[in-house]
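There are 2 protein chains.
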Amino acid sequence: MFRTVELGRKFTKEQYKAQLPELRAELLQMQFALSKTKRSVIILITGVDGAGRGDVVNALNEWLDPRGLETISFERLTDEERERPEFWRYWRRLPERGRIGVFFGGWYVDPIREFAYGESRQADLDDALAINQRFESMLVADGAIILKFWLHLSKEDQLKRLKKMEKDPNSMRRVSERDWKHVDLYGEFLQAAERTIRLTDTGDSPWYLIESKDKRYRDITIGQTLLDVLRKHLVQLPVEKNIALPSPETEQKLIAKEDLLPSDVDLSRARLTILDQIDFNLHINERDYRKQLEIWQARLNRLAWAANEKRISSVVVFEGPDAAGKGGAIRRITQALDARLYRVISTAAPTDEERAHHYLWRFWRHIPHAGTFTLYDRSWYGRVLVERVEKFASEGEWRRAYWEINDFEEMLVNHGTLVAKYWVHISKEEQLNRFKEREQIAYKRHKITDEDWRNREKWDDYAHSVNDMIARTSTNYAPWTLISGNDKRYARIEILKTLCHALEKMLD
Amino acid sequence: MFRTVELGRKFTKEQYKAQLPELRAELLQMQFALSKTKRSVIILITGVDGAGRGDVVNALNEWLDPRGLETISFERLTDEERERPEFWRYWRRLPERGRIGVFFGGWYVDPIREFAYGESRQADLDDALAINQRFESMLVADGAIILKFWLHLSKEDQLKRLKKMEKDPNSMRRVSERDWKHVDLYGEFLQAAERTIRLTDTGDSPWYLIESKDKRYRDITIGQTLLDVLRKHLVQLPVEKNIALPSPETEQKLIAKEDLLPSDVDLSRARLTILDQIDFNLHINERDYRKQLEIWQARLNRLAWAANEKRISSVVVFEGPDAAGKGGAIRRITQALDARLYRVISTAAPTDEERAHHYLWRFWRHIPHAGTFTLYDRSWYGRVLVERVEKFASEGEWRRAYWEINDFEEMLVNHGTLVAKYWVHISKEEQLNRFKEREQIAYKRHKITDEDWRNREKWDDYAHSVNDMIARTSTNYAPWTLISGNDKRYARIEILKTLCHALEKMLD
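Sequence lines, in order, name chains A and B. Remember, our numbering sits 27 above the position in the first sequence when you count from 1. Remember, our numbering sits 27 above the position in the second sequence when you count from 1.
Just so you know, the hints here were simulated from the structure itself, not pulled from any lab data. Any given hint could be a false lead.
No copy is singled out in the list; a pair is fine if it fits within one copy or between any two copies.
[To be verified] Below, computed lysine-lysine pairings styled on DSS-like, alpha-carbon distance capped at 27 Å:
id : residue 1 : residue 2
1  : Lys65     : Lys418
2  : Lys318    : Lys194
3  : Lys318    : Lys44
4  : Lys259    : Lys63
5  : Lys532    : Lys515
My request is simple: use the sequences and hints to build the entire structure.
As structure tokens, this is what we get:
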């Protein structure tokens, strides 16, 4: 694979100088055009040690307008990063729409290094690559333009380059022990890289192999590639239609994915939904409720401390119709928890920073650090519920959200986080009663709005969406728990109980 | 001081139950009113160990609507926090306008503990308290409502409470070694607390001493206090006039403060400003420029690595008229730096999340972590420049900004960060030339807007504001460097050179 980038291509100083001004001018123009769209650009700079990744990043910083550009580089994991799933550090640094993010390193560095070091097997590498690929295709579907550059250098050239750098006191880059180790492992790195590129070079987020022996050739080629890609995406299409929709081919893949998901619901019984199976007669009397509440809150309290000691985090999601009692249930949980151990995130309209990112970004922000709870009062499932019903999201968007969500939750679970999801349900009649009750009570009146009444009219549409959601996102690692909510007391105890059981299972 | 809160006040269960429903209803109403204003509420919960700080936080969480509330608690410093000034951890967690933040602990915990442990002297405590007080009065001036609660317990009651907790397996709170240590140091803690309360109990951000022997009395009293304060702020004034302006008395203090600032400018020569003293004839020829550029960039490169090794961070600020060459100067710096060592922040219009906070918040966000640079292309000085000239900020706002900024920069410097500030200046004629030139060049055309032309018309107003700014914010720990910018080359070398010198001084 790498033979084609060991051809000794180069530019003379004159050739370089002749090309640069126009290239820079055009890049700036494209960057300006980009800033008017809803798309972001993600440039990944990676490759052989000594190939000049830092120089390339610097060149891009020089050529482009810094006001629309950021460089994202990674040091060792900070403890805030270590306490969350690996991709949190990437999510929090993704560029906003209209901007360019140059990733110095990124999500390929660790998989390749681990394989080259002999710390992981090929199957591990392949797994990591599959995750990377899905991450990228999710961003691309959201409008991101991704370019991945692999800077190549032959073994001899690498050795020469590093030796020269080591001698030069003004070298921008410091040569470290690790560099020499990597020279020794040149073959292993190349093997890992070859597999990486082969498995993750998709039409959506392609790899560009760049011959890096000659710095001028390398920089101009990267600049030119970036320009061509931006032009293709930003000029050929009218600006308004810029957002990429999944191609029919991609859609096909998504549907195939969904078929693989566990589904404990028979979708053929079209009229009935899973919600019709909920037994609304379940209830508990006041005295038993008091007793049970005390028991389960005490138990949850002990479990929360035990989880805190083991640094296990929990993500608890509450969804359900308006007035289903989500807030009350959440309060019964937080009553049992030390205030330092939890955070409640109430999902309202996104801020403009949130809107400038993929819809999952705003939830990634609040992922709990080690040993604590984040309770989401409504969540990312809005994408396949309200956004679907109200048509805020296109069909392509909400359909692919199922696997995006499953991937997201899988990352949490793989990191050792408990993911508990509750659908608190009430009957349509019970909702009416509660709406009316709220209108009666002065301080509850602001809890009921015209929107609540409008949502109520779409009851059946919601039921249908909930059914699909539960079928597609009830995974073995993060199943839904359906809660019968007509009796608030019953619902609260049920939630406390199942949450305790889930924590106990985690702690075992 | 604490005798008054050892009176044994308490509520029976019946009294508690009789008061609670109305209190909760009214609190919710006030919270709803708050959400419609531009004010935030900051509640600090602190006090004697075992007095039930956690219980109070839980009660507030239960009584208030979680959608407008957050609890902010602190564990050990994370490494991301340790690498920045102490107050970074508080700034990043401040509640947005319209919301309530309950701080479980906060900026009083360390000063009090250190003094009680005998790790600091009274002068250190007083210094820390002065910083806290200035921090609070800054937030209050920005519209925040601050309530500080000290939960008191006598020594005997503390001992009893902790013993009981230790025995109770369901206790929400865990009793630790540290608690017993604090029992031994009861007297020292009380002494520190007394001084703290005495020195920081201001009309703007008062302390409330709460007798905490009886939990019901404690919780109801805190809830009632919160309600009274919210009512005072939100009901008695018409909602539109809610933002507090500094009282004449506060203004007086501010002016006195300003007089203490070093001022190397004779403000009485009213017509001339410091900018008139800039010698625009300074220049450098192309050949010397190339040579000097190489020398100083190499030196900066070495210094940046040395600073990185010593974990010293740098904050470099660029201000100056439109087209002064700030961007070009920044690029000459970043060319010399490894891309992993710096970040350029171009200050444009704030996002809505930024607007929902004090204006310094958006700059605190980007404070560099240990060993790296943040280069600000325009900065917090916008408050006393464009916001003053365009009247986006009231006179009270931009006047107090001088000391807010000085405090901010002092925190950076005290943390060991280099703060370098450049005013890059050009003559009015030179600006005209550059504007015209930009309009000629296709890819530079978007750099010049109608706004630039409008700003130009206010040249003299800006000059006057710059003069004040430099007089008031040229501190000995973070002085301004004025750069003659008509010759771009000269300006770039001058900036590189002085930045190198400043770094060398830091590294010595």
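Of the hints stated earlier, which fail here?
none
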